[in-house]
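A.B. asks: Each chain, letter by letter, is given below.
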Amino acid sequence: MSSAHVTPGSVPGPKLAAHFASLDVQKHAARLGMWLFLATEILLFAGLFACYAAYRFLFPEAWAASSRSLDLTMGTINTVVLITSSFTAAMAVHYAKEGKNAMVGHMNVLTLLMAVAFLVIKFFEYKHKFHIGTLPGRYYFYEGIQMPGAPLYFTVYFASTALHALHVIIGMTVLGFATVRAYRVGDFSANNYTQVELGSMYWHLVDLVWIFLFPMLYLV
Amino acid sequence: MTPSSSIAAPGAVPGHEAHDDHGHHPSYLTDGTTVKSWLLTVDHKRIGIMYMAWILLFFLVGGIFALLIRIELLTPGPTIMDAMTYNRVFTLHGVVMIFLFMIPAIPGIFGNFMLPLMLGAKDVAFPRLNLLSLYVYLAGAAFAIWGMLNGGLDTGWTFYTPYSAHTTTTVAPVLFGAFIIGFSSILTGMNFIVTTHTMRAPGITWFKMPLMVWALYATSCIQVLATPVIGLLLLLVTAENLFSLGMFDVARGGDPVLFQHLFWFYSHPAVYIMVLPAFGVMSEIVSAFSRKNIFGYRAVAYSSVGIAFVGFFAWGHHMFVSGQSTFNAGVFGVLSMLVGVFTAIKVFNWVGTVYKGAVEFTTPFAYFCGFLFFTVFGGMTGIAVATVSLDVPWHDTYFVVAHFHFIMVGATIMAFLAALHYWFPKMFGKMYHEGWGLVSAALIILGFNATFIPQFLLGNAGMPRRYYEYPERFQALNVASTAGASLLAFGFVIIAIYLTYALIYGKRVDNPWNSKGYEWLTMSPPPTHNFIGPQPTYPEEPHFYVDPKKAEGEVSDV
Ligand code: HEM
Ligand SMILES: [Cu+2]
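From first to last, the protein sequence lines stand for chains A and B.
For the first sequence, position 55 matches number 54 in numbering that gives the first Met the number 0, and the numbering has no gaps at all.
For the second sequence, position 165 matches number 164 in numbering that gives the first Met the number 0, and the numbering has no gaps at all.
If you are wondering where the hints come from, they were derived from the structure by calculation, not from laboratory data.
Wrong hints could be hidden among the right ones.
Stated by the list, open to error - Computed cross-link-like contacts, DSS-like style, restricted to lysine-lysine with a CA-CA straight-line distance of at most 30 Å:
id	chain 1	residue 1	chain 2	residue 2
1	B	LYS35	B	LYS506
2	A	LYS26	B	LYS207
3	A	LYS26	A	LYS14
4	B	LYS35	A	LYS14
5	A	LYS14	A	LYS96
6	B	LYS515	B	LYS355
Make a model of the complete structure from these sequences and hints.
C.D. replies: Structure (structure tokens):
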């Protein structure tokens, strides 16, 4: 990873690793690798979706009741926050292609702020659940819903939202690196924006997974 | 500066000349000799060698556990351990062999080493990721071994719930270790797929790729598609074991059969992660030693992809007795048999390649013969167990144990040893003693049959798997099986001796087989960036040999 400052006037460009034939090939490889990685991430969550489907089928009433106990307002706000952040992440790529490094930084900072907001809201949701006792498995002590299958719902709820939150944090780290680079080094340009692009792709995944989780857990 | 020679002189002074490669070309082995130059290398060849060191170590550990199992089963009653220890021993044998040896063995060692060479590339697409996947693998192994040393687990390598959620043995670190190893597997798979797509040298089209590359490509696709699901499952079971979340526990409303579905959704394709690379190795070897282009190249290539594809729809055959509907069982049975069809395509093409070829009966070829036998026999028993009415009595007996050892272990080990002998000169530029090679191959093939054929009979007679005591009447066959296992172990000891000897004192060679495989287009051992001077060109197909009948007499130039 090059960290040399770019002297004004020179055309900033990415470094070609020794084993690649050309920059195009290198970019293609990076993108293909990222797509494959995202596919594995989706498959990871797909396992949870399969569990969700199976248990929803086994315990339809308990699951519907438990689902209604979630805070729809908080969930909706979080969804809006995340979708908006996906937009700013996409804008960062747009500016990177135009070489407007400061704007790349600003956009990423906006995205990161929204990510923090998401986690804070999630924190309050969790806190409420810890308080009233809608917890997974053996820790479940909520009086409101006493049906077989309800604790299982919260097992799936906590497993999937925690795994998703972990992805939010990873995504923030990835975007953080690109932000620092945009501000400090400022060498993103029309032929050197792969890092921003990959970071934003990852962020879209985080968003996408949530777009599945939200209706699954809160709505249906 | 010394004038260039394409082969580094034996004992060339390595190290400081490494960067001065205008005149003198050190091989990848001598380019830097510090410990750091190995541990932090991004050279796919060195990474392959490091995989080899670790994988062989784990193979030894798994092998010792295997011998302990066989010794325990020498007598009907307790022999050398108590029941609980026995449960731990067979679990650790399974975990080590499957996750630490068979899944990474061929891709990790020979895939890493050969894939870029076979594509005319300087390295894999993501060299640093490649190194990372080695360390991720080792981190997973460290977790698993730590768990084994701290009590060990007694669930069997399949970690079936609800038992694995309740047992007081150390399940969590081993499960977590397996989860981490899965990451390594995904990273390697991604790297290979991207490498195959983007790094092929000019001239190597998809249908000019060596068949080993096709096999690795198909394997990588399975790794990328199936591993995430088991990753999640292992996480859930770990959490379940630590916190009793009830996900797969009937007592809390969970469903253990769901666990089995998700487990086999990975683990059935995983058996193809283990055998597809073996099929790839064999395609290379059969053409090299028959001195013929592979018969039906496209059929062999497509059948790898076909196996990878249908492998995903066969998992239900592990659950014929789990309360599955008869209809489902039938469908899964038929889908399982499709795997047999694709495998048969390969077998016919290999046999077609040998037919009228100028066969050279070397050690790798000896293993090819063993492989063919294990694949056909193991595959046939696969069709048999995929037949629901037959599987019901055989399920969870030694018949199944023998079946999967024949196909999975037999075929993979044959390919592993064949690859080791075929590519040993490529990797180290040294030659081993062929006579000893053939002797040990004979011992191993014999030992393997002697170990597992009695187990087919035992299973058919009704001996269940995973029991450490058995009725008197099973003893004779068990003793036979243990005797076979000793023979097998002895064969491995011989190999270890003569290969170590060859590594130090072996005769210097470049391409002792006169192989036409693309990986032999560079010197042995290869230089750091794989090729010196202009990129080789690829005017011919990868398995191109002059037809022995047409080339009457002239053997050397092929
Ligand atoms: C190609 C390589 C193959 C490998 C590596 C392999 C491996 C395995 C393994 C590891 C098991 C036992 C799992 C356990 O511990 O329960 C197994 C069982 C089974 N295999 Fe295979 N297998 C292969 C091919 C086939 C084929 C071609 C078929 C069907 C045509 C087949 C059908 C079955 C069935 C039905 C079982 C379940 C038997 C039972 O548990 O009762 N296998 N196989
Ligand atoms: Cu299977």
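A.B. asks: Each hint should be assessed against the structure and marked as holding or not.
C.D. replies: Hint check results:
This hinted pair checks out: B/LYS35 and B/LYS506 have alpha carbons roughly 29 Å apart, not beyond 30 Å. Between A/LYS26 and B/LYS207 the alpha-carbon distance is near 24 Å, which keeps this suggested pair within the 30 Å criterion. Simply put, A/LYS26 and A/LYS14 have alpha-carbon atoms about 11 Å apart, close enough for the 30 Å limit, and the pair holds. Proximity of B/LYS35 to A/LYS14 is assessed by CA-CA distance (about 25 Å); at most 30 Å being required, the pair is judged to hold.
Between A/LYS14 and A/LYS96, the direct Cα distance comes to roughly 17 Å. Compliance with the 30 Å bound is thereby established for this hinted pair. Note on B/LYS515 and B/LYS355: the hinted pairing holds, with a Cα-Cα distance of about 18 Å set against a maximum of 30 Å.
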